[in-house]
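Student: In case you want the letters, here they are:
Protein chains: 2
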Amino acid sequence: MKVAEPTVERLIQYYRLMSSMKEEGRKVVSSLQIGEILGIKASQVRKDLSYFGEIGKRGVGYHVNRLCTHIENILASPRVWRVALAGVGNLGAALMGHAAFKSYKFSVEALFDVDPEKVGRKIMGVDCFHSDEIARVMEDRNIEVLLLAVPAVAAQSCVDQAVRSPTLKGILAFTPATVIVPDRILFYRVDIFVELEKLLFFLKEREKNNFQPAGKLI
Amino acid sequence: MKVAEPTVERLIQYYRLMSSMKEEGRKVVSSLQIGEILGIKASQVRKDLSYFGEIGKRGVGYHVNRLCTHIENILASPRVWRVALAGVGNLGAALMGHAAFKSYKFSVEALFDVDPEKVGRKIMGVDCFHSDEIARVMEDRNIEVLLLAVPAVAAQSCVDQAVRSPTLKGILAFTPATVIVPDRILFYRVDIFVELEKLLFFLKEREKNNFQPAGKLI
DNA sequence: CTAAATTTGTGCAATAAATTACAAATGCTT
DNA sequence: AAGCATTTGTAATTTATTGCACAAATTTAG
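Line order of the protein sequences matches chains A and B.
The numbering of the first sequence is my numbering, which starts it at 1472 and goes up by one.
The numbering of the second sequence is my numbering, which starts it at 1472 and goes up by one.
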């Protein structure tokens, strides 16, 4: 039973929404209401939510607490993933400091940087090593996931080192650089500049057509 | 003639690759080679590139300089977009400091923050205003695009202010918060934590199936 | 208790995107 | 100059994703 990527993405959104509704004390919600808030068609919401079994109640809607727990189970981790962050510049710091970064799904077990000011110290409670030690430390500390927040020029060399550790399973990269990664490693990318380019491109298209061809909502 | 989003995304990748090949002095490249580097099927590359007219040469491949200019024209801006950045924390600073952020396609005309240390000063040459002034300043300075790098709790209020300016056309948000945006505004989102959740989810799925069902490459 | 109003779950249709397969064009080799 | 090896462009097909429409379940009102 495999789940499509767009479905997982929406499940995460539903989960966030249910969490906040739970806090507000809301008890029940319909697919139409979920859809309106998130900019998704109600039928899509129902299809996504029913994929893992009947969880709603006909004529009523979805029970917020129940749905929340349900999605939590679907998205649950089998264990706490061991993560390392390479690049403790502004972006890395932004990540570390972000509330959403404190998750029970993973723990940050090592940092890497080339700045002598940072190497050898603990930053926010985590040991920072020199980037030359990525392979060794990742294996020693049994790191499964690498978050790559280094400058574009350093990206490939960090990846090359990281994949030498047999413990590595996935990489999430925040760099516009093209990197080569072996098939056995799951690779995801967050590319701010691609998104910005896309926004400007479709802004131009809208202007050309002189008005709005219904872009993305939320 | 409308262009699909996945196509635009790949065009941006092709453009980056061609730029770097151009610098390396490479003259010719085939769809197969492009595809291997970027993790895209050669046929997909050809379909994307031929969409705007025949640009390659059969039996030979694509001329790097020519292809570079070609894609540049497709992605070109009609003018320099006027952009503002709300939230000059770590993430905002990371953006401002990034090499890829210096583009001839847009110029940053205003910053917004609530920190009294920053408000009223120039940061990297750009005036920083208090977030309460978003609506006024955006209209005064004719800002068309807002980059939203504020904490989740502040996101909706910033958007509400920004959409009051009739000059606003698009928003790129870096927040996991759900925000309501009117249809006339083009809205894009970069959500690091959704990507991280997706990575962990599919890592779990791989493990469950005991081995790799060919994930995303690059 | 019956009828009307909601709202889910889901088979089927429609749309979007990726892949295949191959003719046409080009260059290289002999 | 003829034949072979490349490589593009694209029509046709396949796969993926979304949207529609309606039966089934539930609640509310009279």
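These aren't lab readings, by the way, just hints derived from the structure by calculation.
All figures in this text were calculated on a predicted structure; none of them were measured in a lab.
Incorrect hints may appear among the rest.
A pair holds if it fits inside one copy or across any two, identical chains being indistinguishable in the list.
The calculated EDC-like cross-link candidates involving lysine to aspartate or glutamate, where the alpha carbons are at most 20 angstroms apart (straight line), are [stated by the list, open to error]: (1) K1679 with D1631; (2) K1589 with D1631; (3) K1576 with D1662; (4) K1593 with D1603; (5) K1512 with D1654; (6) K1528 with D1631; (7) K1576 with E1678; (8) K1473 with E1525; (9) K1573 with E1676; (10) K1675 with D1654.
Student: Does each hint hold? Answer for all of them.
Tutor: Verification of the supplied hints:
With identical chains, the CA atoms of K1679 and D1631 are never at most 20 angstroms apart, being 44 angstroms at best within one copy and 27 angstroms at best between copies. Taking the closest pair of Cα atoms, K1589 and D1631 never come within 20 angstroms of each other, the shortest separation being 22 angstroms inside a single copy and 40 angstroms across copies. In this assembly of identical chains, K1576 and D1662 lie within 20 angstroms of each other by CA distance solely across copies; the values are 17 angstroms between and 23 angstroms within a copy. In this homomeric assembly, K1593 and D1603 come within 20 angstroms of each other (Cα to Cα) only inside a single copy, at 17 angstroms, whereas the closest approach across copies is 37 angstroms.
For the identical chains of this complex, K1512 and D1654 are inter-copy neighbours only, at 15 angstroms across copies versus 35 angstroms inside a copy, given an alpha-carbon limit of 20 angstroms. Proximity of K1528 to D1631 under the C-alpha cut-off of 20 angstroms is found in neither arrangement, the shortest distances being 51 angstroms within a copy and 35 angstroms between copies. For the identical chains of this complex, K1576 and E1678 are inter-copy neighbours only, at 15 angstroms across copies versus 43 angstroms inside a copy, given an alpha-carbon limit of 20 angstroms. Taking the closest pair of Cα atoms, K1473 and E1525 come within 20 angstroms of each other only inside a single copy of the chain (18 angstroms); across copies the shortest separation is 39 angstroms, beyond that limit.
With identical chains, the CA atoms of K1573 and E1676 are never at most 20 angstroms apart, being 39 angstroms at best within one copy and 23 angstroms at best between copies. Taking CA atoms no more than 20 angstroms apart as the test, K1675 paired with D1654 passes between copies only; the shortest distance there is 16 angstroms, against 37 angstroms inside one copy.
Consistency with the previously given hints fails for numbers 1, 2, 6, 9, ordered from lowest to highest.
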